[in-house]
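J.: Single-letter residue listing:
6 protein chains.
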Amino acid sequence: MAAATLLLALAVVTLGSGHVEAFDPNPLQDFCVADPTSKGNENKLHENGVACKDPAAVVAEDFLFGGLDKPGVTTSKRFGFTANQVQIPGLNTLGESHVRLDVAPGGVFPMHYHPRAAETALVLEGSVYFGFVSSYPDNKLYAKVLRKGDVFAVPQGLVHFLHNNGTAPTTLYASLSSQNPGLVLLGNSLFAGALPDDLVAKTLLTDKHTVETIKANFRRP
Amino acid sequence: MAAATLLLALAVVTLGSGHVEAFDPNPLQDFCVADPTSKGNENKLHENGVACKDPAAVVAEDFLFGGLDKPGVTTSKRFGFTANQVQIPGLNTLGESHVRLDVAPGGVFPMHYHPRAAETALVLEGSVYFGFVSSYPDNKLYAKVLRKGDVFAVPQGLVHFLHNNGTAPTTLYASLSSQNPGLVLLGNSLFAGALPDDLVAKTLLTDKHTVETIKANFRRP
Amino acid sequence: MAAATLLLALAVVTLGSGHVEAFDPNPLQDFCVADPTSKGNENKLHENGVACKDPAAVVAEDFLFGGLDKPGVTTSKRFGFTANQVQIPGLNTLGESHVRLDVAPGGVFPMHYHPRAAETALVLEGSVYFGFVSSYPDNKLYAKVLRKGDVFAVPQGLVHFLHNNGTAPTTLYASLSSQNPGLVLLGNSLFAGALPDDLVAKTLLTDKHTVETIKANFRRP
Amino acid sequence: MAAATLLLALAVVTLGSGHVEAFDPNPLQDFCVADPTSKGNENKLHENGVACKDPAAVVAEDFLFGGLDKPGVTTSKRFGFTANQVQIPGLNTLGESHVRLDVAPGGVFPMHYHPRAAETALVLEGSVYFGFVSSYPDNKLYAKVLRKGDVFAVPQGLVHFLHNNGTAPTTLYASLSSQNPGLVLLGNSLFAGALPDDLVAKTLLTDKHTVETIKANFRRP
Amino acid sequence: MAAATLLLALAVVTLGSGHVEAFDPNPLQDFCVADPTSKGNENKLHENGVACKDPAAVVAEDFLFGGLDKPGVTTSKRFGFTANQVQIPGLNTLGESHVRLDVAPGGVFPMHYHPRAAETALVLEGSVYFGFVSSYPDNKLYAKVLRKGDVFAVPQGLVHFLHNNGTAPTTLYASLSSQNPGLVLLGNSLFAGALPDDLVAKTLLTDKHTVETIKANFRRP
Amino acid sequence: MAAATLLLALAVVTLGSGHVEAFDPNPLQDFCVADPTSKGNENKLHENGVACKDPAAVVAEDFLFGGLDKPGVTTSKRFGFTANQVQIPGLNTLGESHVRLDVAPGGVFPMHYHPRAAETALVLEGSVYFGFVSSYPDNKLYAKVLRKGDVFAVPQGLVHFLHNNGTAPTTLYASLSSQNPGLVLLGNSLFAGALPDDLVAKTLLTDKHTVETIKANFRRP
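Chains A, B, C, D, E and F, in that order, are what the protein sequence lines are. Under UniProt numbering, residues 1 to 221 are what the first sequence spells out, in order. Under UniProt numbering, residues 1 to 221 are what the second sequence spells out, in order. Under UniProt numbering, residues 1 to 221 are what the third sequence spells out, in order. Under UniProt numbering, residues 1 to 221 are what the fourth sequence spells out, in order. Under UniProt numbering, residues 1 to 221 are what the fifth sequence spells out, in order. Under UniProt numbering, residues 1 to 221 are what the sixth sequence spells out, in order.
Bound conformation, chain A alone (with noise of 0.2 Å):
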């Protein structure tokens, strides 16, 4: 699966009823359970937020998520990982979203960004390179390696990635500070998408026949 599809996947799943909301504002009531079905979006009424259940219709199902104690079914072939997003409609206006994630050997999570949230990770097996990019100090690599029961934090906004460099499986329970948080990865924004060759090689001090080669690879499943 490619990861641009991949991409989406992940995109499709945080959003869980397609608009939701992210840099949550506090919870306006006790809760307001995301509702796929409500008036609001059989009307496709698209707004800064969801529209919610009936409270009274509410029940403890829509709290609830499971089989994270398995790795999930969106994957990148390309990359080497595979996320298990949790999906609660109960979430909605709580600020938080997670995400069980599964490293092969040598597989990488991609240097990445979250738009809208900080991002907390636990080691439930195996170990990892896991790190962060700051942007002021100018470009300055934070990073460990983590083993089991380590937690690692990512503060809002900044580049990071984690790369599987041992010989065994990887598992990570993430939670992150928005129940949208966004998803860029670096390298599908500068070689996925439609930007053109000469702008993309100017921003990587390279030329374009380099920039046309590494976009092929994009292109390949």
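Just so you know, the hints here were simulated from the structure itself, not pulled from any lab data. Careful, some of the hints might be misleading.
As the list claims (entries may be wrong) - Capping the alpha-carbon separation at 30 Å, the derived lysine-lysine pairs in DSSO-like fashion look like this:
no., chain 1, residue 1, chain 2, residue 2
1, A, K144, A, K77
2, F, K140, A, K208
3, C, K144, C, K77
4, B, K148, A, K70
5, A, K208, F, K77
6, A, K144, F, K215
7, F, K140, F, K208
8, E, K70, F, K148
As the list claims (entries may be wrong) - Pairwise CB distance ranges, derived in the manner of DEER restraints:
no., chain 1, residue 1, chain 2, residue 2, range
9, A, G67, F, Q87, 51 to 59 Å
10, E, A60, C, V73, 53 to 61 Å
11, D, R220, A, P137, 55 to 63 Å
12, E, T213, F, K70, 45 to 53 Å
13, A, A56, E, E61, 41 to 49 Å
14, F, E61, D, A57, 34 to 42 Å
15, F, D54, E, D197, 38 to 46 Å
16, A, G67, C, D207, 32 to 40 Å
Virtual Cβ for every residue (Gly too), placed ideally from N, Cα, C.
For this one, chain A is given, so just place chains B, C, D, E and F on it according to the hints.
T.: Showing chains B, C, D, E and F alone in chain A's frame:
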């Protein structure tokens, strides 16, 4: 160890350098690593937030906490649970906190609420009866028996609980949407403080003798 | 009238058109007058906030509520207080709500908290023992006997109470820092809902018989 | 006492320890009691917010203010009103402030606005003509004659006024949705400061002579 | 064109699709492009914010506005300025708005404030006397004569003005920190609405005859 | 001058006194003028925000910056642009920042994002190809050729760029919705820091040799 003391312990580890932010505003720069040795804290300057390290002195270790593959050291014999609070100075201003909870068979994390956070918990081992009570609809119970791999969300400020009514220990990893969520145990608020007996009796529609009997239990180690 | 029913009554009047904002964000225009007859509400569109009247249809009466010189109609015989909730559609998005409380001699507004607001109360007549309990420092009581003309503030989300232990009726005017503060009575959370007896017993360090006895009192009208 | 001086007086009592928060963010812990004697303030450290007392030193009195059953001492003979500003250090970070206003027969609290708060006022005694002007719809007047027990709300940042056009004194209790709402009197902005006459004349479509005449009235005690 | 009408004109262009956000919360997704033809707006659903286009239908043009190299069409002959308001549907939820102002020699943008924004203005051509008045310190004037290339900032909610007391036209580009800052002209609030003459007279320490004379000027085209 | 150095330069001018606020909360008083010489900063007190001048010492010059009619002094020969950052201490807490950009023919402001701000740019002279890439829809390009008088908006946190593919210099004035937006250049994040070659290679689906070749270009002055 008395639950009253436990409360304090939890509060202290939660507070990190002693006075931190909650209901967390957006981060005001890449990071603001909590620093108990900063001028602000040397001066015993108490403020709405915590002073931070010189950004130039920040290192990757400031974003790391280890040992969550083991239970913590703050234990409540009374209630039968152990807490291992994640302590990461770099989480200051990032709007998250995390804790591992181990609940013995028959143990509870008794009815409580966090004045400044929502909570989402992942069951790592065992099973647990987990739920919350809403304020509107009036006193409605939302609860489930959770098993390994289940994730359950609790809205901000609502009363919730954990009860391990099985025969094996249960381990959970809880994420809260504030770096200083606060913790109010209903039983301790009513019986471990200095409230007059008659007030507590009227609150619970019972008599002062019953209140005094329960208070005695909270006074015991 | 049962306190359980009172809670609902208070919740309903607090909620105005049925689903309003709390933890109130800044107003997003001059005003957004709550309108239960708006298309949004006709459609039973539940959202994080409430639909508003066409600004052109707004009149001065939308900002007015009368009759606070008299006690209200929602009374708790059980606890001995009466509430007169200010209902102003124009307060939608303005981040305030207000209530008059009349407490009979010997009456209490029992231990409770507001998940989404701080509270400041002015004593209009009589005297009252008024206080709150902090979460940190652990379970510390901050309380005073208030007399006519005293104003007392309660921080957001903390447990507080009113007790008229005098011989004359007491009247207060309370302002809350949210248009939908929410209300959780500790006694009702523990004994008026569907929580299992053994869980409540473990929370209060007592036995199931005591829990069942108190529950019976909460079941009585 | 000149209204100009009154403005300052009101500002000072509003400001409490001299520099406090407004547009209030959520409280960042149970409480942050304003403390003019804290290290932060000894150091004359001006910041976006105010330093607080050591939580261990906080007492119930920090949340109490008395004497609101009497008019205040800051009086504007010019406009015919007296203000009794509630001063509670514990309100720091709680997002509320409160004031008692006594308006003599014929007196006004002249056209003004609060840059950082909405306002809701309860009439305790007498009657008053109370209203505000919207910015959109354009300059529309929303006003009512209020009587004892009436509550009236003014949206954030809009121009409003009180006029006691009856024969008895009027007393109100006003709650504002910020601990530092700020106060701008239109007349004083135009005529009590250092604005050039020709600018004020052009603003009011009048001539410099008229401006100078009115300025002279504002210069009088 | 009357300033009163101008106000409306400015308000309308500011409002874009008719009801937008201000005091802007963080964006809740990549973008929420204002869409007057959305279901929400077809339904005349007024809410605290504006409905958006289906993200799949958003195009680059939704983020573009042209023609700011020319003065606008909404002109105030009375005050001698012309406004060219930037109208970009994609700015919905982004917390900014922008306007080009052209002030004729002798013209003013008279004393006014924005209830929901700070403002920063760049002088593109000519010079202008630009300033604001603080609420604390009391009525203090902060003003400068600005020349081409100068940038001047006005804090949120404070009264400010522009006066071109030179002989050449002046052009400015102003950025406001809200997508719906609101606009209150002090002169129009006092004299263009329905306020009783005696109230305005008492506010300005003048007589009803002077008030009526000025009101007549505001009634003239 | 190396882009890496440029980044630092931009960061420094953005940061004003060295540590300022972003994601800007509402102003907490009329103004909080950044003051590098304040006690807080003398003490090297780093906090989430910046200390301010004594309000009594604030003057109009604190809100003024001149010289934006000329290009700035921080130039990137490598990318062909020059930045003139507006530096106004009075903008502290006002939630805005501004910069003039001059892009030479063939020059770019390469692909980058601001972790803490949206951006709106006005073309003052020349023309430029300006666009951004969304995270959802996945990697979609929104771009236009802008001419003098065009204004273009970029949502918060998204990757965007400027390319002057004409023959004349281009000048823009950009407004950002934070006083400390932060700046992350994708090329510099990938190639100017200390990231391991194999990680970058895997992120870009290329080989270590290509990575090393590009890194060499970023090392050149």
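J.: Do the alpha carbons of K144 of chain A and K77 of chain A lie within 30 Å of each other, as the hint requires?
T.: The given pair, whose Cα atoms are some 25 Å apart, holds under the 30 Å limit.
J.: Could you say whether the range 34 to 42 Å given as a hint is met by the Cβ separation of E61 of chain F and A57 of chain D?
T.: 41 Å, holds
J.: Straight-line Cα separation of K144 of chain A and K215 of chain F no greater than 30 Å?
T.: With Cα atoms ~22 Å apart, K144 of chain A and K215 of chain F stay inside 30 Å; holds.
J.: The hint says 38 to 46 Å between D54 of chain F and D197 of chain E; measuring C-beta to C-beta, is that right?
T.: Check passed, 42 Å falls within 38 to 46 Å.
J.: 45 to 53 Å was suggested as the range; check whether the CB atoms of T213 of chain E and K70 of chain F agree with it.
T.: 48 Å, holds
J.: For a C-alpha distance cap of 30 Å, please report whether K148 of chain B and K70 of chain A respect it.
T.: 10 Å, holds
J.: Could you say whether the range 41 to 49 Å given as a hint is met by the Cβ separation of A56 of chain A and E61 of chain E?
T.: Holds: the Cβ-Cβ distance is about 43 Å, inside 41 to 49 Å.
J.: Do the beta carbons of G67 of chain A and D207 of chain C sit within 32 to 40 Å of each other?
T.: 39 Å, holds
J.: Check the hint pairing K70 of chain E with K148 of chain F against an upper bound of 30 Å on the C-alpha distance.
T.: 10 Å, holds
J.: Quickly compare the C-alpha distance for K144 of chain C and K77 of chain C to 30 Å and report which way the hint goes.
T.: Roughly 25 Å between the alpha carbons, so the hint for K144 of chain C and K77 of chain C holds.
J.: Would the pair K140 of chain F and K208 of chain F pass a check requiring their Cα atoms to be no farther apart than 30 Å?
T.: Cα-Cα ~28 Å, so holds.
J.: Does the structure keep K208 of chain A and K77 of chain F at a Cα separation of 30 Å or less?
T.: OK: K208 of chain A and K77 of chain F at ~20 Å, within 30 Å.
Violation of the numbered hints given earlier is absent; every hint is satisfied by the structure.
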